[in-house]
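Chemist: The lines below spell out each chain.
There are 2 protein chains.
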Amino acid sequence: MTDGVPDVDLDTVRREGLLAARGAEPAQHDGTGRVDISFRVDTGPDAPPTQRNVRVPPGVTVFDAGSWNGIAIDSTCGGHGTCHKCKVRVEGGSPITRHDVRTFTADQIADGWRLACLVQATRDLEVDVPPLTTRPKAATVGVGRQVILRPALQKRYVELEEPTLADQRTDLDRLTDAITDLELTADLAVLRRLPMVLRQADFKVTAVIVDESLIDVEPGDTTDQRYAIAFDLGTTTVVATLLDLGTGTPVSVASMLNKQQPFGADVITRISATMMDPDTLGRLQDAAGATLAELADQVCREGGVDPATVYEVAVAGNATMTALALGIDPEPLGVAPFVMSTAHPPTVLAADIGLSLHPRARAALFPALGAYVGGDIVAGMLATGMDRDKRTRLFIDVGTNCEIVLSDGDTILSTAAPAGPAFEGGAIRCGMRAADGAIETVQLDDGVTLGVIGDVEPRGLCGSGLVDAVSELVRTGLLDSSGRFVPEHVAAEKVPALAPRLTRVGEERVFLLHQPTPDTPAAECVYLSQRDVRELQFAKAAISTGWSLLLEELGLEQRDVQQVLLAGSFGSYLSPAAAVRIGLVPTLPVLRIVAAGNVAGEGAKMALLSVRERAGAAALLEEVKYVELSDRPDFNDAFVEQLAFGG
Amino acid sequence: MTDGVPDVDLDTVRREGLLAARGAEPAQHDGTGRVDISFRVDTGPDAPPTQRNVRVPPGVTVFDAGSWNGIAIDSTCGGHGTCHKCKVRVEGGSPITRHDVRTFTADQIADGWRLACLVQATRDLEVDVPPLTTRPKAATVGVGRQVILRPALQKRYVELEEPTLADQRTDLDRLTDAITDLELTADLAVLRRLPMVLRQADFKVTAVIVDESLIDVEPGDTTDQRYAIAFDLGTTTVVATLLDLGTGTPVSVASMLNKQQPFGADVITRISATMMDPDTLGRLQDAAGATLAELADQVCREGGVDPATVYEVAVAGNATMTALALGIDPEPLGVAPFVMSTAHPPTVLAADIGLSLHPRARAALFPALGAYVGGDIVAGMLATGMDRDKRTRLFIDVGTNCEIVLSDGDTILSTAAPAGPAFEGGAIRCGMRAADGAIETVQLDDGVTLGVIGDVEPRGLCGSGLVDAVSELVRTGLLDSSGRFVPEHVAAEKVPALAPRLTRVGEERVFLLHQPTPDTPAAECVYLSQRDVRELQFAKAAISTGWSLLLEELGLEQRDVQQVLLAGSFGSYLSPAAAVRIGLVPTLPVLRIVAAGNVAGEGAKMALLSVRERAGAAALLEEVKYVELSDRPDFNDAFVEQLAFGG
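These protein sequence lines are chains A and B, in that order.
The opening position of the first sequence corresponds to residue 1 in our numbering, with each subsequent residue numbered one higher.
The opening position of the second sequence corresponds to residue 1 in our numbering, with each subsequent residue numbered one higher.
FYI, nobody ran anything at the bench for these hints, they're computed from the structure.
For each residue, glycine too, the CB sits at the ideal point set by N, CA and C.
Hints are supplied without guarantee of correctness; some may be wrong.
Quick look at which bits of chain A chain B covers, simulated, 3 or more residues with Cβ under 8 Å [to be verified]:
#1 42–48
#2 159–170
#3 181–190
#4 194–206
#5 444–456
Computed, partial: chain A to chain B, Cβ under 8 Å [stated by the list, open to error]:
#6 L149
#7 G304
#8 V305
#9 P307
#10 A308
#11 D329
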């Protein structure tokens, strides 16, 4: 089996069952670096194909890579290789699975046709996506979760009898009598419009319904216009996905930095800001609203969708982001004993969180498990099916606050670990966010090979680059297992080619990652310092202490974990191999470590597409046990044990 | 039996059962005129007695006269003579009932002590009201309806455990866990305050709850401050009663003209105004809000109550007033086939209808049976127990639109009759509202005896004066049964003393009611014209056609009606005898005709005091059948038949 076009005898394939289905480990990648996928999407005979380039960690399936980036690919089975619908053509082909053999002719296979859900991107790919053949009744979102479409938002077109003296039913009764399967209640604002709209439209109208609330009545048949926006409201980055609720497909995606950034990089500094000045809460609320509003404008503009046809939004954010967006005092979240005002935020109007969509659009905010295991994690659990998978799985959302969920297929535990800002480039000398110029992958051998976002001159080191750099330094022996740079003479002996890069800035020992010219002084290079390594050690120890104690609670060993899901904008871009090497995740084969993508955003999409999934999110609060680490007597011992790098 | 202090042998009284209990016909009044009751209310040892004068039609009980005017008298039985608690002292005494005999000593009876619910005011009275002895758990409102106190508004004082790392329940869970009998949901606004209030008040707080919505959390114990306002939102007059929900007693009462008056005197002209100019709906809504707000301010000021402790209001208004207060387009109410937007207005914030009370105070608006049998009538049915009384009863709310309800103790029918503006002084030459200077009673014999509101120089004729005047002119023979003034020579023959008053203004024949001086020209006098009589004839015919057809529907005769309830600000002040004589009500003994008072306002009070009664109002919509008169083929014949006065 090669990465090129295989010269394949299909009978042999069938007979020997050589080809792996998803879930096994077919690909040969080593869990490091990045791959680029270039999608060429055929949108039908009336429009030219559109081109979209995305960048994902190796091992992500083409289907997921498309899904995460708003590229719709046919599917009804949820990416399990059974519906045989997610057909794409991979330029240059890819490994063949038994499902491909059943789906395609030999000619098609030779031409590169594959099922997208079974193609793991282990190299840069060019992919042709054919037009959608069906308006799907189900959509695939999250990590291979298939969702039957049953959005909270419904539109019903009705043609009503006009009133007479013999039939003086009220306008509302006339309408609701025509929609017998729902117990509708009407907002005052709808009642204000109802008499006029019914009469102007000759009693042919579309009822706009969220859950069982009638939020509008529109003249004529508008059932084909129904949109919603899923927000991942991160402390750092906010992502919006505009969804067509009729098809379940994403229309457009946009992301930007949270406008609360000037108030502090992490939740604690923002909470502190509200404690200093009583006006700050309002300003943070406004900043959250402005962020969501700007993204909503952008996805509507890019999708060519009238904002007034967006009737619902779902917001997945951590407990502090959720409180601030709602204008709820976050102070008790920031000080022991870390208490939320409520685990279940009330359903509010989208306008209440700053959005100008349909005037009575609803906003559903995800419930939270605890002050530090928030709605974003509940959404992530939904998207990854943590409560529906019988495998032993570990979910880690790496960030300033790191949330960890462990399930043995029966019991689900969660906790939070205060990792600090290292993974977001904070407290790191040359640290920066994952933006253009950030080193995101590092490979050491005879020289230094850097992957840089935007393919520009390196300007600094982002979280995944930091993990890669430390991992490579440990592997090459330039860092010892206690996290100390080895003496210069040891370096010169072990890795002579790299030893000159081990130098000093001021008193502190550093390793130069990028030296623009041989003459550039060390202080002006991009480097990793001894203190940076310590920061990372503390961060990773906090996290590994978290999952170690959860494993202990369930009587499990590291090797029992069948899958590690790395979530969040940072976690998804972490090199699995590096994560294992520095001990951020349990010591496991790299292919058990899966970049799960923006699972908070995926969960928000699921909540919009399915009331059943939304109820599932609420149910998680009953199912998942929160383990508070900060008052455990064994925490400090475990933490110290976890400081070292590997064995 | 006399009206004075009786020289009574109690044994004889008991033995002979001479004294009547309520419901029989004890008093000797003839159903005409007015009585004044002067209440001297003892408010306890720390304050001087307060003096209140009220003016009611004869036959109203002292208890009802007090209740309608916000004067609290002890009672637990609902005015049925069984609790023996509503003790008052009537200056000069009044007829003695067997219940008085059981309640008071002979000395007390001789001193004028009576049970207020059994004293019918047949003459002017001075009444001493002792201080309330109990905080009643039940209150008497409406027409002898006793209501067990169970308001939708509740306050619960709780002292909560402070959170710890071992008890990280959310603030909301901590609170709701302490209130186990309700499934509380919290407004966003409450969640915004909750963290701060709990911590500032050391977790000792009062939950403010309407139905199962947590609308506020207040520091400390505020359970003794809970108020509500009942509004009778009339087309002409708006009445507000501030209620103490802890005791069920009224604190203060105020009334004023509806500020929508400049847009038209009746609902049709106001609806028309909205059809001419699209801005008018907003202005009518604002005017309704301003009226309610001014009254709310006044009752709070007079009651010494902080408006922020008023958490709920109930509003009883006709369908048009309700729609306008909510800003709902009323146009379909004004044109055939007369359709409401909804029969059940949604519960809104009091702020939505212009009120500045507690910021999350709720407003409950009464549901309506039809476009012309609105929430005011549903409230009136609640207050009069139309659905709970086995007697055959006729309820008539006299006004521009006259609503009629007939119950035979089993089936309840309702209809509306367009009576026109005559009863409100409109379209009557010397017509005016029931304000100072209005003639409200008329008696003809050798001269003209007028009752004038405010005891000032007569300026005009209000509705009850109009009915009285026509009734007396028919009785004396100056008007024939067809409603024509008799020829002058016939007048001179029949009533020589009054004949000179039968003269002309221009071409039209008139009867002079008030001639300031013998030289005052007829046109400058207060008079009743031939055309005025015609207006009244049409108005009364519309009404009597309404109840005639309802009687016919149930196969009943006029004499089968056991009680006629005259409701509304006008109906309550109509002379029963005159109403019978002109045929406005069925031909019955006057004592079966009861002034029911402001039953819409009473119904609104009941809805605030009892969730059960409020549910009863909603249930009425299922029980009562609305009969549309305007498309009945027999309407015109019946109408013509009813034009004549008596036989």
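Chemist: In ascending order, which of the hints set out earlier in this document are inconsistent with the structure?
Modeler: Hint check: 1, 5, 6, 7, 8, 9, 10 fail, others pass.
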